[in-house]
Amino acid sequence: MTGEIVFNDVSKFYGDVLGVNRVNLAIPQGITSLVGPNGSGKTTLMNLMTGLIQPTRGSIDVCGIRPDEPEKLFQVAGYCTQFDSFPKGLTGYQFIYSYLRLFGMTHADADRRTVAALERVNMAEAAPRKIAGYSKGMRQRIKLAQAIAHDPQILVLDEPLNGLDPLVRAETIALFRSYAREGRHVIVSTHILHEVDMISDQVILLNGGYILAEGQIKAVRDEIQEHPMQILIRCSRPQSLAAKLFESDYVVEARLHSDGAGLLVKTRTPERFYLALNTIALNGINIETVAPADDDANSVYEYLIGGEEPTR
Amino acid sequence: MNGNWKLWRAQIAAIMRLEIRKSFLNRRGVVIYLLALMPVIIWVLHIFVMRARGRQCNFAEDTHMFAMIFQFFFVRLFIFFGCVAVFMNLFRGEVLQKSLHYYFLAPVRREVLLAGKFFAGLLAAVTIFGASVLLQIAALLGHFDSTTVSQYLYQSGGFGHIIGYLGVTLFACLGYGSVFLAMGMFFRNPLIPAAVVLIWEGISSILPATLQKITIIHYLQSLAPVPADPPKGAIPLQILVFVSDRTPAPVAALGLCVLTAAVLVVAAWRVRRMQIDYAAE
Numbered sequence: 001m002t003g004e005i006v007f008n009d010v011s012k013f014y015g016d017v018l019g020v021n022r023v024n025l026a027i028p029q030g031i032t033s034l035v036g037p038n039g040s041g042k043t044t045l046m047n048l049m050t051g052l053i054q055p056t057r058g059s060i061d062v063c064g065i066r067p068d069e070p071e072k073l074f075q076v077a078g079y080c081t082q083f084d085s086f087p088k089g090l091t092g093y094q095f096i097y098s099y100l101r102l103f104g105m106t107h108a109d110a111d112r113r114t115v116a117a118l119e120r121v122n123m124a125e126a127a128p129r130k131i132a133g134y135s136k137g138m139r140q141r142i143k144l145a146q147a148i149a150h151d152p153q154i155l156v157l158d159e160p161l162n163g164l165d166p167l168v169r170a171e172t173i174a175l176f177r178s179y180a181r182e183g184r185h186v187i188v189s190t191h192i193l194h195e196v197d198m199i200s201d202q203v204i205l206l207n208g209g210y211i212l213a214e215g216q217i218k219a220v221r222d223e224i225q226e227h228p229m230q231i232l233i234r235c236s237r238p239q240s241l242a243a244k245l246f247e248s249d250y251v252v253e254a255r256l257h258s259d260g261a262g263l264l265v266k267t268r269t270p271e272r273f274y275l276a277l278n279t280i281a282l283n284g285i286n287i288e289t290v291a292p293a294d295d296d297a298n299s300v301y302e303y304l305i306g307g308e309e310p311t312r
Numbered sequence: 001m002n003g004n005w006k007l008w009r010a011q012i013a014a015i016m017r018l019e020i021r022k023s024f025l026n027r028r029g030v031v032i033y034l035l036a037l038m039p040v041i042i043w044v045l046h047i048f049v050m051r052a053r054g055r056q057c058n059f060a061e062d063t064h065m066f067a068m069i070f071q072f073f074f075v076r077l078f079i080f081f082g083c084v085a086v087f088m089n090l091f092r093g094e095v096l097q098k099s100l101h102y103y104f105l106a107p108v109r110r111e112v113l114l115a116g117k118f119f120a121g122l123l124a125a126v127t128i129f130g131a132s133v134l135l136q137i138a139a140l141l142g143h144f145d146s147t148t149v150s151q152y153l154y155q156s157g158g159f160g161h162i163i164g165y166l167g168v169t170l171f172a173c174l175g176y177g178s179v180f181l182a183m184g185m186f187f188r189n190p191l192i193p194a195a196v197v198l199i200w201e202g203i204s205s206i207l208p209a210t211l212q213k214i215t216i217i218h219y220l221q222s223l224a225p226v227p228a229d230p231p232k233g234a235i236p237l238q239i240l241v242f243v244s245d246r247t248p249a250p251v252a253a254l255g256l257c258v259l260t261a262a263v264l265v266v267a268a269w270r271v272r273r274m275q276i277d278y279a280a281e
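Protein chains in written order, with the working numbering: chain A, 1 to 312; chain B, 1 to 281.
Hints are supplied without guarantee of correctness; some may be wrong.
To be verified - With a Cα cut of at most 27 angstroms, we get these calculated DSSO-like pairs of lysine-lysine:
| id | chain 1 | residue 1 | chain 2 | residue 2 |
| --- | --- | --- | --- | --- |
| 1 | A | 72 | B | 98 |
| 2 | A | 266 | A | 218 |
| 3 | A | 130 | B | 98 |
| 4 | B | 213 | A | 88 |
Quick caveat, the hints were computed from the structure, so don't treat them as lab data. Quantities reported herein were computed from a predicted structural model and do not represent experimental measurements.
Could you put together the complete structure from these sequences and hints?
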């Protein structure tokens, strides 16, 4: 599905409490991670784009569809919410099947899609059991199955990896990646920063209801001017390299890596630094690798949000 | 447009399948079944007491008593509270269980969702209370000889009365059902407005004729096939079942349909704007 999910000056207040304020966003295809501490507005953004709540101000356009038109929106969108509650008395199969029947599907079609969705999240065996008897991980997977059962082009997932074991986590991430490769929108909120690096094409950082940054992680990092870029250099003689680097004026700080086999350099002008490094390498210091050390989600999060740290 | 109707019918059927399971099989259902059985129990006890005292029941008296029990207890109390239990929880119950969002995440127009839930509640209420009416009539007729019963059914308009009682039951479920469905959407604690409606309906007989016409019970009493005429001296009953100015049956039926439609339109407006905010509950 082409198009973007566009937030146009959107604010949401719950009475006097701020949900999100003056959000202007355009979310393209691919995997977009919403990152921020508890109460930062991640779930509010997701609920707004799926019409579960309505903006106090502003407008939202989900690939040409208004969120207050569920009859159109959920033909193309699926939402795995954070609510850990289910209609009473249903088995996993009945939960997915009855949801698909709401689309107006025939029994045969709903049954086929239900079986496929359950298999996709490895829940086929547990499907005949009541959801009330499921573990947290199983409940998470059945919610995921419900969100993907109708093969949506836009998938919104609120903390979808919570409670999943490592194997299922990996499979679920692979599923998201395959959706992204097919040109779908996958919007994920997460607390776990190393997963953000692993799965995201772009991130949206939120804090206190405001968007702090959006875009690809590297681009976001590049825009954070007040924190010098950290670069890790693996080399044979780090002390000599440090001495040479301090001769230039574009290194702010250089310190030996804790394992003694590398140098951690801070620079405000990475382009000039890389050029200088080429010259140094030609002068006898054997440089094995050069890699940015703080253009990951974790560092970006720490620079922009700081103290309130999510799970790493 | 035809395609839309076909889709909406399929969606309403899917919603009804889910809701009917809840209405008939959940714990609230026990209360509704008990309410529906109460008048049947009253009749069974009546027969038992009369037989224990060695007295013969009088058919005319019993059919008259049936009309009073139907109007005073069955419609005013049992169907009323049954509809509170069934309809008020169609949306409110799901909000408390935090499961309403699953419906909101389906490609279903909110108005279609409302219709599906209302029809499911109506089907459940009419089935349960309609069955209760039939059981009450069976209990009433069961202890008379077949000649008296067939004379009543075929020559004294008995079948018409039965259809009339079933009709009043249907209209009561329609009217009260729509009102309580809407209350469950507008109020966080809908039992308070339900109590207000109960009092309003309860005092309808002592209201001026114009005000009586904005009660549901007025139209239901106007539709009742046998007017309730309490024995002289039974003042509370006389007050409660007194209808100052009966509305003609077709007008009463139409009035209840219009009321139901109007309340459902308001409910549809509300459901279109409903938001999922379980944290506020």
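Hints and how they fare:
1. 72(A) / 98(B): The given pair, whose Cα atoms are some 24 angstroms apart, holds under the 27 angstroms limit.
2. 266(A) / 218(A): 16 angstroms, holds
3. 130(A) / 98(B): 17 angstroms, holds
4. 213(B) / 88(A): 41 angstroms, violated
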